[in-house]
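Student: Using the sequences and the hints given, assemble the complete structure.
Number of protein chains: 2
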Amino acid sequence: MLNFELKNPTKILFGKGQIARIAKELPKDAKILMLYGGGSIKKNGVYEQVVQALEGFQWQEFGGIPANPEYSVLLEALKVIKEEKITYLLAVGGGSVIDGVKFLSAAALYTGDSPWDILEKNMRTEEGAALPFATVLTLPATGSEMNSGSVISRAETGQKLSMGGPGLFPVFSILDPTVVASIPARQIANGVTDAFTHVLEQYVTYPVGAILQDRFAESVMQSLVEVAPKIMQNPADYEAAANFMWCCTMALNGLLSRGVPGDWAIHAIGHELTAQYHIDHARTLAIILPGHYTYNLEAKKEKLAQYGTRVWGITTGTIEEKAAAAIAKTEAFFNRLNIPTHLSEYTENYEGTAEKIAATFTERGWVALGEHRNLKPSDVEVIVKMRY
Amino acid sequence: MLNFELKNPTKILFGKGQIARIAKELPKDAKILMLYGGGSIKKNGVYEQVVQALEGFQWQEFGGIPANPEYSVLLEALKVIKEEKITYLLAVGGGSVIDGVKFLSAAALYTGDSPWDILEKNMRTEEGAALPFATVLTLPATGSEMNSGSVISRAETGQKLSMGGPGLFPVFSILDPTVVASIPARQIANGVTDAFTHVLEQYVTYPVGAILQDRFAESVMQSLVEVAPKIMQNPADYEAAANFMWCCTMALNGLLSRGVPGDWAIHAIGHELTAQYHIDHARTLAIILPGHYTYNLEAKKEKLAQYGTRVWGITTGTIEEKAAAAIAKTEAFFNRLNIPTHLSEYTENYEGTAEKIAATFTERGWVALGEHRNLKPSDVEVIVKMRY
Numbered sequence: 022m023l024n025f026e027l028k029n030p031t032k033i034l035f036g037k038g039q040i041a042r043i044a045k046e047l048p049k050d051a052k053i054l055m056l057y058g059g060g061s062i063k064k065n066g067v068y069e070q071v072v073q074a075l076e077g078f079q080w081q082e083f084g085g086i087p088a089n090p091e092y093s094v095l096l097e098a099l100k101v102i103k104e105e106k107i108t109y110l111l112a113v114g115g116g117s118v119i120d121g122v123k124f125l126s127a128a129a130l131y132t133g134d135s136p137w138d139i140l141e142k143n144m145r146t147e148e149g150a151a152l153p154f155a156t157v158l159t160l161p162a163t164g165s166e167m168n169s170g171s172v173i174s175r176a177e178t179g180q181k182l183s184m185g186g187p188g189l190f191p192v193f194s195i196l197d198p199t200v201v202a203s204i205p206a207r208q209i210a211n212g213v214t215d216a217f218t219h220v221l222e223q224y225v226t227y228p229v230g231a232i233l234q235d236r237f238a239e240s241v242m243q244s245l246v247e248v249a250p251k252i253m254q255n256p257a258d259y260e261a262a263a264n265f266m267w268c269c270t271m272a273l274n275g276l277l278s279r280g281v282p283g284d285w286a287i288h289a290i291g292h293e294l295t296a297q298y299h300i301d302h303a304r305t306l307a308i309i310l311p312g313h314y315t316y317n318l319e320a321k322k323e324k325l326a327q328y329g330t331r332v333w334g335i336t337t338g339t340i341e342e343k344a345a346a347a348i349a350k351t352e353a354f355f356n357r358l359n360i361p362t363h364l365s366e367y368t369e370n371y372e373g374t375a376e377k378i379a380a381t382f383t384e385r386g387w388v389a390l391g392e393h394r395n396l397k398p399s400d401v402e403v404i405v406k407m408r409y
Numbered sequence: 022m023l024n025f026e027l028k029n030p031t032k033i034l035f036g037k038g039q040i041a042r043i044a045k046e047l048p049k050d051a052k053i054l055m056l057y058g059g060g061s062i063k064k065n066g067v068y069e070q071v072v073q074a075l076e077g078f079q080w081q082e083f084g085g086i087p088a089n090p091e092y093s094v095l096l097e098a099l100k101v102i103k104e105e106k107i108t109y110l111l112a113v114g115g116g117s118v119i120d121g122v123k124f125l126s127a128a129a130l131y132t133g134d135s136p137w138d139i140l141e142k143n144m145r146t147e148e149g150a151a152l153p154f155a156t157v158l159t160l161p162a163t164g165s166e167m168n169s170g171s172v173i174s175r176a177e178t179g180q181k182l183s184m185g186g187p188g189l190f191p192v193f194s195i196l197d198p199t200v201v202a203s204i205p206a207r208q209i210a211n212g213v214t215d216a217f218t219h220v221l222e223q224y225v226t227y228p229v230g231a232i233l234q235d236r237f238a239e240s241v242m243q244s245l246v247e248v249a250p251k252i253m254q255n256p257a258d259y260e261a262a263a264n265f266m267w268c269c270t271m272a273l274n275g276l277l278s279r280g281v282p283g284d285w286a287i288h289a290i291g292h293e294l295t296a297q298y299h300i301d302h303a304r305t306l307a308i309i310l311p312g313h314y315t316y317n318l319e320a321k322k323e324k325l326a327q328y329g330t331r332v333w334g335i336t337t338g339t340i341e342e343k344a345a346a347a348i349a350k351t352e353a354f355f356n357r358l359n360i361p362t363h364l365s366e367y368t369e370n371y372e373g374t375a376e377k378i379a380a381t382f383t384e385r386g387w388v389a390l391g392e393h394r395n396l397k398p399s400d401v402e403v404i405v406k407m408r409y
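Protein sequence lines, in the order shown, are assigned to chains A and B.
The first sequence begins at 22 in my numbering and counts up by one.
The second sequence begins at 22 in my numbering and counts up by one.
One or more of the hints may lead you astray.
Chain copies aren't distinguished; within one or between two, either way the pair holds.
[What the hints assert, rightly or not] Listed next, the in silico SDA-like pairs over lysine to any residue satisfying Cα-Cα at most 25 Å (straight line):
#: 1; residue 1: 106; residue 2: 136
#: 2; residue 1: 28; residue 2: 150
#: 3; residue 1: 106; residue 2: 394
#: 4; residue 1: 32; residue 2: 188
#: 5; residue 1: 406; residue 2: 275
#: 6; residue 1: 181; residue 2: 403
I should point out that these hints are in silico values taken from the structure, not numbers from a laboratory.
Tutor: Set out below in structure tokens:
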């Protein structure tokens, strides 16, 4: 087991009817800005519940934060925050809204020239260096509701950069699984795939004797495998929805990654497919994952075989055969969620994609992906080609 | 899954060499009281490492906190804290020292007549209502290093009372697995048994569809089953020690209990055996557990069978047979740790114990143990008798 540090101060309020508790958790004298996305919260009753809970508080709203939260939109929200002397942010939405609010929380107290610095200079946001914020989660997937990371896009420059730091944990997050009932099947499938891949990125590396962490990671995956068909069939199944929601949060709240190496090459490559073809983030992961693991099977075979045995019940074959079978089981799992796993199923113009991504990585000087930081752009090119 | 709330702000610093980091985590202007137990930290090098880390700080020490931290001893420490205007406590030890420091942390800021009120009136210690404190864990077992609970004994009145609240989480805890190398086998066996039973008290109840919580609980038990023989054979096995330590912390830091019912009858009954015969806490749990589960098999059989299948690989038989086999496997596990599981193996004067404990419970008005709060003193009497 590697040495590690763990601190996660976010308060989770989980279950039916918890949205009303916002009223008890927010400071009475706060000047609140509630932020949300495209307006689905006005159709599923969440908006109304939040408005009810905010009765008696000083608050206003800012809607329209898009998926892959866009810097230019966030700058408009930042203007409101400064002009109105907002003291507390309330994100009502999925990972994009929450990530956007994390940026705003840091940007509101940033004293430098341009808030873009926070992203471009990869500045760590320390405790107390950001406005306090809370979240009401409406789309289980990214885990942003209980971690301190955020990814922001900027259309103008084609950049997608991340930020984080101990000052960016939500003060509290409301996780009410009844919101899952109104999520379209496509989004649920994306959420399962996103969370499942988050776990694998922290798990399919090399063994370091972290017996408990391995078991915890397998627990999240076993649970997702069990609830995915139920929730796809009936998103109003509360038990399945609750487990789905809690799995997504636990998949990326920092617990699974402590004491073990991390990979994250699938995310790095996947981001480029979103940039080029606007493919949903989770779907890019499903495309890249089988290629990445097959290409790097020798380095990852112990963990792949263990995953195959414990999560998919693969008990026969050599370690390489078990590893290969585990990859096949993973791809089939994504396919059962109606997620195509080949690039050609998303676009006819896939030729040249691998070379283009490799070239982009070379330009940026990103030549060291994976848990061993040994994957070069030429390796990425081969991996992407495997997934046409 | 039941509704739940979760917040755990303790910062964990885990691994080799982490004791030195105390210096970075403590406020420079703190007036520190370091507290410890019987002095084993002076033999295993921990005391020296802590003293080194405290160089340049204003600090003093208070040793001699006994197992089952005794109120009268803690009052002496409280006197020092008040006289010396201490602002920060540092617990260096196992669960008893840490529990004692939690009491002191609350008592130092308590403004009522007698600090015993905090325990007797079961007062909840809110955030900010206690002195900040940190811990250096030297004995994995109780999980006190990452939770906000404490149990204090008072010899004078024969009481053993608990306290807690959100103000009683350690600010940070240092978990260095190298300390395990010098722990006597008896204490390691106790630690494994204590942590294992903590998990079972939160798990062997009735199913509520908390799929992920069940898997997490099983993960801790599977890991303990795997590392226990290794750590018993060689406590200097770092990998085994690290997993043992992290399992003990995760067994009772609040994660496993969220969204599920809890039992805790084994602890309630076991405490009485400690009070009567001074049997080590963990060993009282090992004595009572098989009786409690056998007596309540009908109510607990689903979870017992699931535990048997997933942790012990029991795949044949009816649900009742699997449940019974799981109990037998658990007792055999404790026995393999050289922990006797019958009262007569600890004392010749066991006759009458069951009646005496039942009478004690009746006197106190404690007539509702277990997850259904339906176990009466007469049930407890039968359970204890089963374990002579």
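Student: So, for every hint listed, does it hold in this structure?
Tutor: For each hint, the structure was consulted:
In this assembly of identical chains, residue 106 and residue 136 lie within 25 Å of each other by CA distance solely inside one copy; the values are 17 Å within and 44 Å between copies. Taking the shortest alpha-carbon separations for residue 28 and residue 150, both the intra-copy value of 17 Å and the inter-copy value of 21 Å come in at or below 25 Å. Taking the closest pair of Cα atoms, residue 106 and residue 394 never come within 25 Å of each other, the shortest separation being 44 Å inside a single copy and 51 Å across copies. In this assembly of identical chains, residue 32 and residue 188 lie within 25 Å of each other by CA distance both inside one copy and across copies; the values are 14 Å within and 14 Å between.
In the homo-oligomer, the alpha carbons of residue 406 and residue 275 never lie at most 25 Å apart, since the shortest distance is 32 Å inside one protomer and 46 Å across protomers. Proximity of residue 181 and residue 403 under a CA criterion of 25 Å is satisfied intra-copy only: 23 Å inside one chain copy versus 66 Å between copies.
In summary, the structure is inconsistent with hints 3, 5 from the numbered list given earlier, while agreeing with the others.
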